[in-house]
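**Student:** For the sequence shown, full-length UniProt numbering begins at 1 and goes up steadily by one.
No incorrect hints appear here.
Result set (DSBU-like, lysine-lysine): computed pairs, CA atoms no more than 35 Å apart in a straight line:
(1) Lys245 x Lys200
(2) Lys291 x Lys71
(3) Lys25 x Lys71
(4) Lys137 x Lys493
(5) Lys220 x Lys200
(6) Lys220 x Lys245
(7) Lys202 x Lys391
(8) Lys413 x Lys391
(9) Lys509 x Lys25
Source of the hints: derived by calculation from the structure; they are not laboratory data.
All values reported here derive from a predicted model rather than from experimental measurement.
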Amino acid sequence: LRPPAMSRRVVRQSKFRHVFGQPVKADQMYEDIRVSKVTCDSSFCAVNPKFVAIIVESGGGGAFIVLPLAKTGRVDKNHPLVTGHTAPVLDIDWCPHNDNVIASASEDTTIMVWQIPDYVPVRNITEPVVTLEGHSKRVGIISWHPTARNVLLSAGCDNLVILWNVGTGEMLLALDDMHTDLIYNVGWNRNGSLLVTTCKDKKVRIIDPRKQQVVAEKAKPHDGARPIRAIFMADGKIFTTGFSKMSERQLGLWDLPPLEEPIALQEMDTSNGVLPPFYDPDSSIVYLCGKGDSSIRYFEITPPAPYVHYLNTYSSKEPQRGMGFMPKRGLDVSKCEIAPPQLGFFKLHERKCEPIVPPLPRKSDLFQDDLYPDTPGPEPALEADEWLSGKDAEPILISLRDGPPPVKNRELKVVKKNILDTPPPPDPRRSHSTCNPNFSPPLLGTGTSQRGCHPARGGPPGAGGGSLLTLHVPPAPPPPALEEVLEEIRALKETVPPQEKRISDLENKLCQFTNPPD
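Model the full structure from these sequences, guided by the hints.
**Tutor:** Here is the structure:
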């Protein structure tokens, strides 16, 4: 007998239904990396089309390592690190508009912004382009503005969110009265006009940073006591992960406004690991990668109900210590990779970083327009002062039809107000304006004195020879040696990078001689 029609399983049609994960071979991994063991909910890894950066163990301060994407295999134990923090590094984030600029946040309460050269330096990078100081406790979250140049967000354990203009090193805004407890995560919406935050007080808040006000908030979107995570979808909805009262991990989707009841709520499994979501707005796929998990779940978000659709799970034997997610413009479109890039996810183990390629099987070699719509490129849509004045702009999109666009190597220049340019206040001892405004200084030896003013120190007041002595001291010229030293420092700084590049090139040639190809 044929089963009734209602009992037949209906398979939802989706072009991403067969997406799967695929680990790479051992020689395509990054091995011998001492991944940080700091207790923190950071992903410990940041990736862009040029580099992979990983927070590592370091004695006497905090550090992270930056590796070119192509430099796979065993990492030299003497490979240069990015150091400078006096306490462990907690979070790192690549600038979306400059692939050579990365920001780091640390337990030492500072944020540092670094310029990474295209070549491998021969020694540690110790001098940041700019250091941002404004937090009173450790800083665990940093995030660049998606469309405005040089705007960086930081959130610390002082319950404070600060927005910075990295181009000037100045604080733009401080959101200090909005969170009553520890901030778990902060995320921008697509054009950077709103923030979504989660907090230990079990509230999700939607914040307009320029108006410095909470637009909407939801108390206890998930009933459990474990931390909540939240991100914006491209259409303005809010996606959250959390826990039920029975410690079951949940995901939820919320409309904004009014953020009252979820339009979708699903339970997944029972585990203690927090589920940070990674979102690809072009394909509308959310990837859930929990620390301590050995799996990555894929969900597709669609406008019609039931809104959230499970796609697949990538499973492996080893749990992940962290995860990096490549911007879509780093994709190799010839391989039908839908989660970036030439190498998709970057999964951190205790001693290595394993790229995971999630290809989508397609038989055609032609460009797949439906899989690769235009995606945000590296050009900013706004300047920092334009955004601060109230202007908004959507990301500037690029096509992937001809492959990843060439990226310009721009140097980050920080223009600060130089306190040396401010003239010193006039010396009151050289002022002609004494206690009597009508006073005019007498000539030396005239024997005259003005009432109410100091007599000369040659005798008591009223005594003969009590003339007023006024010295006209010309201002001292700045010492010429200072300018010479500054000029020499500038010249040396311009000389060092080319020499480092030449040393690196010669070392690579030496490796070719000592290790000839088979």
